[in-house]
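Enquirer: Letter by letter, the chains look like this.
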Amino acid sequence: MLKVEEQQPVEFSSALLVNFDEIVKRYPAGKQKSALLPILHLVQAEFGWTSVPAMDKVAEYLNIEPIEVYEVASFYSMYFLQPKGKYVLEVCRTGPCCLVGAEKIMGHIENKLGVKEGEVTADGLFSWRGVECLAACGFAPVLQIGPEYTFYENLTEQSVDQLIDDLRNK
Amino acid sequence: MGRKLLLEHINVPGINTLEVYRQKGGYRAVEKAIKTLTPDEIVEEVKKSGLRGRGGAGFPTGMKWSFLAKPEGVPRYLVCNADESEPGTFKDRYLMNYIPHALIEGMIVSSFALGANTSYIYVRGEMMPQIRILEKAIAEAKAAGFLGQNILGTGYNLELYVQPGGGAYICGEETALLESLEGKRGNPRIKPPFPAIAGLYGCPTVVNNVESIAAVVPIINDGGDEYAKIGIGRSTGTKLISASGNLVKPGVYEIELGLPVEEFIYSDEYCGGIANGKRLKATVAGGSSVPILPANLTLKYANGDPRLMSYESLSEGGFATGTMLGSGGFIAFDEDQCIVRNTWNFARFYHHESCGQCSPCREGTGWLEKVLHRLEYGHGKMSDIDLLVDVSKKIEGNTICPLGDAAAWPVASAIRHFRDEFEWHVKEPVKSLSSNYGLANYAVPIEKKVEEVKQDNL
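In order, the protein sequence lines correspond to chains R and Z. Start counting the first sequence at 1; every next residue gets the next number (full-length UniProt numbering). Start counting the second sequence at 1; every next residue gets the next number (full-length UniProt numbering).
It is possible that some hints are incorrect.
Straight-line alpha carbon distances no greater than 27 Å define the calculated DSSO-like cross-link-like pairs of lysine-lysine that follow [as the list claims (entries may be wrong)]:
no. : chain 1 : residue 1 : chain 2 : residue 2
1   : Z       : Lys142    : R       : Lys33
2   : Z       : Lys370    : R       : Lys116
3   : R       : Lys57     : Z       : Lys184
4   : R       : Lys3      : Z       : Lys184
Calculated from the structure, these hints are not laboratory results. It should be emphasised that the depicted structure is a prediction, and the values quoted were computed from it without experimental measurement.
For reference, chain R alone in the conformation it holds in the complex (with noise of 0.2 Å):
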């Protein structure tokens, strides 16, 4: 657990505060509000996580409490609170997957990056942690990875190992 007086300072580059503006024009005159998840969205795939200053940053930028955005980003599975490894495999540990080997699948895992649900590895690449359905259950089982949000689907031990080899070597 990273203590929040250890979290460093972050600063928004122009391009990111570009877009920033460019969704806060699609809402009401007064409603900026309304942009919160979106840009919070862009904070973590900038930085890998929603981190204090970030989150203060934001609610300085769309002219709310800080309580608003701490509020919105621990409601929501999708915003890290902490730093996670570079590549954060999500495996989806729903029903429908389950029925076809999504829990053998998340065994796998665990022992090929040879750390526990939520854990780093040690050279900071990856994590990895179980999900709810992420509406792929015809493909099952599946995982994504964000920021982008791929999709991996009808995943198998060995599509998995490739998975892990092809990012380590990215």
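Given the structure of chain R, go ahead and fit chain Z onto it with the hints provided.
Expert: Structure of chain Z alone, referenced to chain R:
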């Protein structure tokens, strides 16, 4: 071969582009609607079609539209619910991925009918690839004059935006979705007021599922009466069914409502039977929230008549011997699957996804998960089974939104139909860890009275 209205051109190369989509007749509905019909006439066609909400509740779409308040000088909104997260359901992702323009076209026609000048498609955040696909399709439609200012020279203006969610099942509930779209936690609102009166930013709003909106396109092209000729009884039209689990050919199928369940599972045109030569043990016919049914009651009513894929037929027999069409998430379980384990898995899902606002759901889903966990892992007591029934009854009907019911029903129905398997887990705690109960002698219809089920209609 059933008629296809939504997926007819799914295999045409390039159908995701505006050019090919138009070659196949795309955007005719926009031209027809905006140039030749009034908004009220479009609402009338949708009413005549008998289209019912495809997200799960099955409420008539035309009627929902007609409830929309139209005060002077207040904007109205159409919001598309693409927060598809119900376990077993993946049709909307499929549709948006392969034929994004079907949704965009439906959004334009529907927005015109409702008098909306700004509309949003709320897509679950995990579907970033589909969000990019939709954004590209919107840009194409705008460049071709189907979106933006003065559409097709008619003076009608519409801006369409895609909004990503943050990963929360609850945001599929329409008022939680609106909260989320306003940049807040996805806590469902107390109704009334319904979104038709006070929705997004307090303005009159209609929230419709992806498939419902896409279905407006064939309804406008061919007329509501033609659409209503497809299907059976009050289940008109076609429905996308997401088939998953132990099937030979899982995937998304468009069926004419009224197709026999047996044909859907076993014919080569659809799922092709149970995978690996196994036998069917049970199904969840409409997404994880609907009652699980054993194989015999899936295929036939308690009186032996064949069950059909329709709103009415699937719910025939009430909760004693029936289920619901729901979102059309059809999950098949083969003879090797453990009902206790699956029920625990679903309970964990609802516990994880409960927003925490109402205590019966926040606390009750946790209890369900814990008690099912100990039953599954060999620490259960016989009294746990009735405890589960008791907890699920105390959640049901006592929450602001239907998530509580959705969490309670799978547990209650699993015990109703598979009680002997739960008992076996208590009696054989060691054996149940390494082997499965198998098919057994399931589901002799139960005599005891089952209380009337309230359905959330809006």
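Enquirer: Tell me if the straight-line CA distance from lysine 142 of chain Z to lysine 33 of chain R falls inside 27 Å.
Expert: With Cα atoms ~26 Å apart, lysine 142 of chain Z and lysine 33 of chain R stay inside 27 Å; holds.
Enquirer: Assess, step by step, whether the Cα of lysine 3 of chain R is no farther than 27 Å from the Cα of lysine 184 of chain Z, and give holds or violated.
Expert: Status holds; Cα separation ~25 Å.
Enquirer: If you draw a straight line from the CA of lysine 370 of chain Z to the CA of lysine 116 of chain R, is it 27 Å or shorter?
Expert: Between lysine 370 of chain Z and lysine 116 of chain R the Cα gap is close to 22 Å, so the pair holds against 27 Å.
Enquirer: Against the 27 Å threshold, does the CA-CA distance of lysine 57 of chain R and lysine 184 of chain Z hold or violate the hint?
Expert: Given that 27 Å is the threshold and the Cα spacing comes to 17 Å, the pair holds.
Checked against the numbered hints above, the structure breaks none of them.
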